[in-house]
Every structure is written in C-alpha cells, then in structure tokens.
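The task is to assemble the complex, starting from two chains supplied on their own in separate frames and drawing on the hints.
Chains A and B are the protein sequences, given in the same order. In terms of the working numbering, the first sequence has 92 at position 101, counting the first letter as 1, and numbering is strictly consecutive. In terms of the working numbering, the second sequence has 69 at position 70, counting the first letter as 1, and numbering is strictly consecutive.
Hints are computed from structural coordinates only; laboratory data are not their basis. Check before you lean on any hint, since a few could be wrong.
Claimed, not checked - Examples of chain A residues lying across from chain B (beta carbon under 7 Å, computed):
#	residue
1	V136
2	F138
3	P173
4	S177
5	M182
All C-beta atoms, glycine included, are put in the ideal place defined by N, C-alpha and C.
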Amino acid sequence: MKILVPIKRVPDPATTIRVLPDGSGIATDNVKWVINPFDEIAIEEALRIKEKQGGEVVLITIGQSTWQEQLRTGLAMGADRAILIKNDAALDSLALARILAKVIGDENPELVLLGKQAIDDDSNQVGQMLAEMLGWPQATFASKVEFADKKVTVTREVDGGLETIAFNLPAVVTTDLRLNEPRYASLPGIMKARKKELKEIPADSLGVDLAPKLKIKTLAAPPKRQAGRKVGSVQELVQVLHTEAKVI
Amino acid sequence: MVDFQLTEEQQMIRDTIGAFAKDEIRPAARPADESCAAPDELIQKIWELGLVRGPIPEEYGGDGGERSAVTGAVVAEEMAYGDLSIALHSLAPRLFAYPLLEMGTEDQKKTHLSRFTGPKFAAGTAAIIEPRWDFDLTELATTATRDGNSFVISGTKCCVPLAEESDAILVYARSGGAGGFGGVDAFIVPRDCGGLKIGDREKNMGLRGLATYEVLFEKCKVGSDARVGADKGIDFSRLMSEGRVAFAAMAVGVMRAAFDYARDYAKERRAFGVPIATKQAVAFMLADMAIEIDAARLLIWEAASRLDKGGDALRESYLAKNYAAASALKVADNAVQVLGGHGYIREHPVEMWLRNARAFASLDGIATV
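For reference, chain B alone in the conformation it holds in the complex (with noise of 0.2 Å):
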C-alpha cells in the first residue's frame, strides 16, 4: 500500500539533475548571490536539460512527457541543491505555461504554450503575492472585474519573478462573489498591457540572484479570452497545493545542500585532536537535520502523490510546505552553527543558504510547478 520507491525513470532524473546541480548551479550560487544575476548561459543550459518543455504535449510542440507532481518534486529538490534562486529562474516559466497546460482552453494552449517549447529560455511568470500584511491566499484583494467582454483587473503585487522579461504575466485575481479558492481567477495578462507597471526590482534579504518585481495592475483590460479555463476558471486550490509541493521541495534541497556541506565539514575540522563531528554536541545536531530532511521529504512525497492521482492534497501539501519552510531555517541555521565563526562569513555558502530558506516561510505562492 505504501510504496516510497522511485521509478526507474525518477530515480535517473534525479541522479542526472543531482550531477547537473552539483557541477553546473553550485559554483555559480555564490557569484549570483553576489551579482544579483544568473548566468544567462546557465539558464540556457538548463532549459536544454527541457525541465519546462518536457510535460508539454507533442501537438504544442512539447515533448509529450508525463507530468507528475512527485517528478516535479525530485526536479524541484535537486535544482535547489545546486541554488535556490537560480533553481526558481530557470523554473519560472513553469509558472505560466503549467497552469495553461493543466487548466487552459484549447485556445490558450496553442497560442502561448509554444512559447516554452523553443530552443531559447523564455521567461515566463505569475503574479499571486499581494504586498499587504494581512495577505491571504483566499482572500485576493486583487480584483478582475467583468466588463461586457473583457475584464478589468486591479491591485498590487509583490515578488513576481521575472516579470521585467516575461512577455506575458499570469495573474491571480479574484473575479467572482465567491469566498475561499473558488472565486480565485487567473489571467493572461500581456507584457505591454495599458495599466500595468512593473516597479523597482525588490530587494530581498535572500534569494539574491533572481529578480522580482512588484507588479502594479491599474484598470488593465483584457480581452474574456484571457481568464485561464474560459467560464469553467481554474481549480486554485489545486494549483496552490502543487506550487505548495514544488516550494517545499526545494526547501529539502537547501537543506539537503546545508547537511551536506556542514557534515563534511563536522568531518575534516578537528578540535582537541579529533574531528568535530565525533563530539556529541555536533553529532546530535547533524543528525537532527537529518531527521528533518527525511521528514519533510516524506510529507512533500505523499501530497505530490496524492495530486498524482487526481485527489485533493489542499491539507497534506499546506503541512508539507509549513514544515519544510521551518526546517529549512532550523536546518540552514544548525549548519552555519556546526561550522563556528566560519558559518557567518561569505567564504562558506551556509550563511547565503541561511538567508534563502527564510524565504521558504516568507513566500508562499512563489512556485507552481
């Protein structure tokens, strides 16, 4: 009944993404945290390994390739290895084109999702984050309201990644009278739209090399055509239990990536002639974030299969993603504990991986995958 094995086919995206995380994003984390920048050959690269055009069906110029929430989630954790923000650039465009692909009219499929199929990485992205404090998920202040036949969205959001290249954004609005998820919209909402401003790049404590933007919607009108799913709308809630799964995902990559690089560390630092790592004190803490990574992993896996096979996972992906957003941070921090004086300065990567998992309880939405 339960059955915790991946497919061969799993087990050999996530060796390939491991080794590709591993050589390729690790030593390119730490300049793109100072740059502000991915590497745009990096990206490039990346979007070869077709991460975004691999579930797209064949007849949109996809590869035609299943698409599952637990693959998604091994995807998600092994990018994040190598770099939490170049992980998310490079899956932005997952933003738009996998809810169009999931819940998009024939119409919307062939216009845009061709777009995510070419040889050149292009960004794509969603708007779901409000810049409010009492922000929440089923209560959007962002408003799209209808208009003969088009409809009129206004309101403010914060953290879009990509917006500033993306050719279009997909906003999350709310368009009907109905409360909770279900009066929840999403909108095909053009790059040069009347209405819509994209501001400052935001600065953020983490997260350093993707950039996001607040995104400002004034009376932006677009045609009926953009509301994804036409008048049967969009499943939000389902959509949020996926974005859910893949953000905690890569939560366990920046933890596994912490583990890793503190217990090695634990293993070479010697102190009073043995190697740190056979004290008590700092055998216990590793393996506590061993446990957490384990754990949370195994949360992230049963809401990914439960969305693998069709069912609601509103519960288990919100526990998965709550949990792994506070061990992260709890993980993050043990590893730049076990490594002293040395895990506060910039030499190490543990204080950036410190910085980027605060992120995993600050963003909620950031990631549909």
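Next up, chain A with everything else stripped away, as it sits in the complex (with noise of 0.2 Å):
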C-alpha cells in the first residue's frame, strides 16, 4: 500500500519556550527542531503496514530547507522517499491542506498518515480539511488501525471512551498518542537515507492559493503561577474560592 505522510517541524517538547518580547513569534535560537511527535507516530505505523503488506511510505513536508533534517530522520526510521514543498513563509491550515491535496493528486496514495496537530500552534486542522478537500472518509484520532482487504477500522478516542469506524480506502488518518511508540532509527537506517530520494518542490509551482485566511496578531507567555496558600479552616476554603478564585 502506498501511505503519505505528511509531517512538520516543531520545537523539541523539551524546550523550554521564550516569546519574543513583541509577541510575534518564540525565540528560535537555542532551539531543538524535531518531527512533530504525532507525526512520528503516523511514519512509525505507515512503516508497520508496509513491513505487514508491502507498499511505499512516502513523506511530505512544507517548509523552508532546513525541514530536510526532519525527513531524513524520517528516511533512517525507513520511509523509502520523502517530498520537500519548499516556502519560506509560514502558512495557515488551509494553505497546508491545499498543497498536501495537489501533491495528492500526483502522488495517488491509498493512506495519508499524519498527526492529529503540531504540538507548536495545536490547530487540528490540516487532516480533516485535507480529508473534505479529496472526498475521502477521514478517521480522527486514531489509537488503532486495522485492515480487512480495503477496508479499514479505525479505533478512536473520543471524549468517555472509544469508537470504532471502519470505511473504504483511500481515506486520511489522524493518529493520537497511544497508536504506538515510535521506533529509533537504526545505525544503519541513518546511514542509508543519504542515499534515499528527497526531491524539492518551490510552493509556488504547485498552483495554489497560499494566501493566509489567519492571521496570527500576538504570543504571549502564560500568566505566572502565584504561590499556593494555606487557609486556615473550610470555611476559610470555601470563601476563599468563591470570592477570589470565583470557581464556586
């Protein structure tokens, strides 16, 4: 089966983050840049249904050059090709999903794989847009993939429990955290995605409408926590937070 995997580039999730004192953006030197751990976690399954049925993982990014670290990482895990759309500027949701539907076009996968959100900006978009934008059925949050011929059950977690959808392919996952744990990339595996297909893509060939439809206007840091209390009876407690924590 030929699976797409589209990723993207984030902050390692160890980082510690700094806004900009304007407010438009983090401050990026210092920074480790990652795959988006969903993501990771959709090329660890891409790779196990082709070790299980054969096929092609494919990965796909849209970012500026340095985006290449990612999907060679990508490669030494055992993705056999990977796709650079290159644009410099940031771009919104909707622009992703047009340019992952084009290249879609081209590419015909049966599966497009990715991550539920990007752990940086955590839209949670780009999958089911993606998904209305082809037609295709779409499985969100997926904590289990499994196949029947062309036919796919897709186990999701949902707010209070499960639910399990089955539907025909092609279709576009979402995956979530408990899917599966995504292997490390062998010596060897590192050493041969050198040699693996990267092809660049300028955004701008593709035909599509990039402009932005959002408009990110300011950062700003989380309030600092206050130190805790202690109070001295219930009574105290409960007048407490109704009066200045307003909870109750």
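Following this line, the structure appears as structure tokens:
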C-alpha cells in the first residue's frame, strides 16, 4: 500500500519556549527541532503497515530547506522517499491542506497518515480539511488501525470512551498518542537515509492559493503561577474559592 | 582548515543514540549496577540499532556503512551517557569484529564477521590486559610461538568482557622478536580451544553491570589461519589508538552524565533561600566541569579525525585518553561534591558514575571500537 505521511518540524517538546518581546513569535535560537511527535507516530504506523503488507511510505513536509533534517530522520526510520514543498513563509492550515491535496492528486496514495495536530500551534485542522478537499473518508485521533481487504477499521479516542469506525480506502487517518511507540532510527537506517530520494518542489510552482486566511496577531507567555497558600479552615477555603478564585 | 562541525548524518546519529541512551539505557543503569547484569532485552534492543553490524560490508552480511573513528566517538559518548557498563557490554562484539574487518584476511572476514550481522545479539570480545604490575601494551607477556603450521599461545589475561558468553576471543600476544607494538599479533581463539580456561567473574569497583573475566591460555594451539591478517599481521598501534579514542569518548559520556545531573540538582536545591547553583562555590565548580568535558572531547575528535584520514594518532589518542581519564574522575567527583551528602548515597547515580569513572584510568585497551 502506498502511504503518504505529511510531517511538520516543531520545537523539541523538552525545549523551554520563550516568546519574543514583541509577541511576534518564539525565540528560535538554541531551539532543537524535531518531527512533530504525533507525526512520528504516523510514520511508525505507516512503517508497520508497510512491513505487514508491503508498499511504499512517502514523507512530505512544507517549509524551508532546513526542514530536510526532519525528512532525513523519517527516512532513517525506514520511509522510502521524501518530498519537501519549499516555502519560506509560515502557512495556515488551509494553505497546507491545499498543497497536500494537490500533491496527493499527483502521488495517488491509498492512505494519508498524519498526526492529529502539531504540538506547536495545536491547530488540529489539516487532516480534516484535507479529507474534505479530497472527498475521502477520515478518521481522526486513531488509537488503533486495522486492515481487512480494502477496508480500514479505526479505533478513535473520543470523550468518554472509544469509538470504532470502518471505511474504505483511500482515506485520511490522523494519529493519537497511544497508537504506537515510534522506533529509534538504526545506525544502518541513518546511513541509508542519505541515499534515499528527497525531492524539492517550490510551493509556488503548484498553482495553489497560499494566501493566509488566518493571521497570528500576538503571542504571550502564560501568566506566572502564584505560590499557593494555606487557609485556616474549611469555611475560609469555601470563602476564598468563592470570592477570590471565583470557581464556586 | 579546522572544522568541528559534525556531518548531518553524524548529528542524526548523535541525536538518535542520545535519545535512546536517555530514555532506554539510563533507567537500566542502576538496576544493572545493583544486580551486576545488563538486561538481555535491552542489550537486544541496542543490538537492533545496528551499532555493530552497521559498518560491516554487505558482502559479509552487514550494512556497508562507512567506518569512522569520529562517528565511533560520537556513538561511544552517547552510549556511555546512558550507562558505561551497558555501553561496553553492547559494543564488546566490536572488539572482536572490527580488527578483523580492518586487518583480517578475506577468509577470516568470511568465516567470522557474519556472526555479528544476525538479528540476535552475538557476544564477542578481545583479551588485551594482563594481570601484572608491570603490564605494558608494548611488552605483552602473553606469547604466541610458532610450532610448524600452528601457534601455541600461553599467558594470562584479565578484564576480558563477556569472555564466558563469546564463541571466540581475540587474543593479543607477542609473537615475534621485535619489541614495541610491532611484535604483537592478534589470534582468533575459539572458546572450546584446549588449554583455554575462563576464570571466575571479576569483582570490580565500578562497571558492575559488565561481566569481565580472567582468561588463562595454557599452551592453546591454534592453526596459522588464526593469526589476524596472516603473515601481514596487524597494526597494533592503530588498533590501540582506535580503542583509546573510543574509550576516552566513553569517559566524556560519563562526565556529561555527571555534569548534567549535578547542574540540574544545583538549580533545584536551595540553601539560604536561593538555588545553590547561584553560589559561586558551586557555579565555578560546574563551569570547570563543563570546560573539562569540552576540552576532552576536542582532544578525542582531533585524534579520531587523524585516524579517519588514515594517519597515525598514537600520540593524540594517548593524550586524549589520558586527559579524559583524569577529567572523568575529577568531574564525577565534583558531581558527588555538588550533591553534598546526597552524592554519597545510592539514591542518586553520581556515586556510581564516580566508581565507573575510575575505570578509565585503570583499564587501557578494554575498548577497541
């Protein structure tokens, strides 16, 4: 099965994020960049499907030349080839979905697997928009993906429990945290990654409307937490929760 | 002319092995120290990273990756950052495989290398160190005497990792009249060779998770095809340089582990209302530790880069190893000091790293990577 896995480059979850003084973005010096963890889960799942059924795993990302690093990491994990849609400016979810839909038209994968959201802006939109544009079935927040013939069964993590849905390929599936535990790239895998195909396509050559519909006006760090304090009695606690915290 | 930038590939190796070491190896370090054994499942998981088979050419079943001392140093540092015992255990097969890979005959490579390219961990080892007060790499007391078409090996070795579970041991012995590195040869001695005796497991101060043994060779007779490189022999000086570079890189890994732990502790631990890291007495100590780490790494990388260019690095590798061994002890000791009383108790890993760090000055030639 041919599987396309769109990935995004994000700051390492362990990085301490600092907002720039003017609120225009985050300070990127000394930030370690990694594959969005949910996308890494998508790569792992794609590789497992390929190992069982055969096929091809193609990675795609949309960003600057430096994003190649994350594609190479995915290739080192075992993906077959990669595509970098080169675009220097940050794009909103809609533009990303449009680009992906266009590339998918050329690549014809049977399955698109991607993270449910990126851990930087947590938009959680690209998978859904993409499925809509393609007119394909979608399963979001997958915690289990199973195949029988051309049918896919996906277990989804929803509020209050699990939901199991079945649909036909081609389809878009977005991955949740508990789907799998991504593998470490092996030394031979890393060495082979260098020789795998990594194609660069300029975003503006695709003829897709990239105009932003969404603008980030400002970023701000969360307010600093106040230190806790001890109260003398239950009565006082209730009083404080009511008048100060305003939660009851 | 001077470039300290790792290639993109080396950076990826560093990041991947580093993440593995932090998430998988480190949690196993203390249990391995306490139980004196590295967990089989973890050793197998490390094996699957392909650290041994990676540079073995495809014709012998490996992956045909480039073999580089700099990459080797990067791997060794990251692995030892996780745990030194487990790093030495999982890389021990290189002690046997890589001298063959680099200096063995075609037949020797064909016969022996495939053992290290399978899906399951295969132990391998080399016997270098001797239990003598005047042990000297250039004056080995273990001898190999030619007897017609065979060699007879006699002597005693110690600190041989995984001797008990390895199918064959690579034994370094004095074979010719020449002194210095030139008179040393390496021999492939099968585990079941008559006269080979493996002693009790050694009880060491550190490296408790690593099984090491004394090995006795009492007139062990091996065919002349057991001599690595046949009549050409080996370049012992180069092998020792490679080993020292790798071992020194492991020292940097241990130092970094100790430094990171002490730094984080100093930022958390408060005294007189402030984190102790803000006190100059502690801050200076941490800064000195960081300097030692970078200095040692630069010496190692210089030696490694010379080796990669095919040059001689006897001097550079010796300086690097020596410096790293001294620094490791200093840095690990400082880490214990930064933690104060907590440094001395086994709840924290720094006392274990101090014991492990002592190995670098005591053992030479345990790691040829």
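Evaluated hints:
no. : hint : in the structure
1   : V136 : violated (23 Å)
2   : F138 : violated (25 Å)
3   : P173 : violated (11 Å)
4   : S177 : holds (4 Å)
5   : M182 : holds (4 Å)
In this structure, the hints that do not hold are numbers 1, 2, 3, in rising order.
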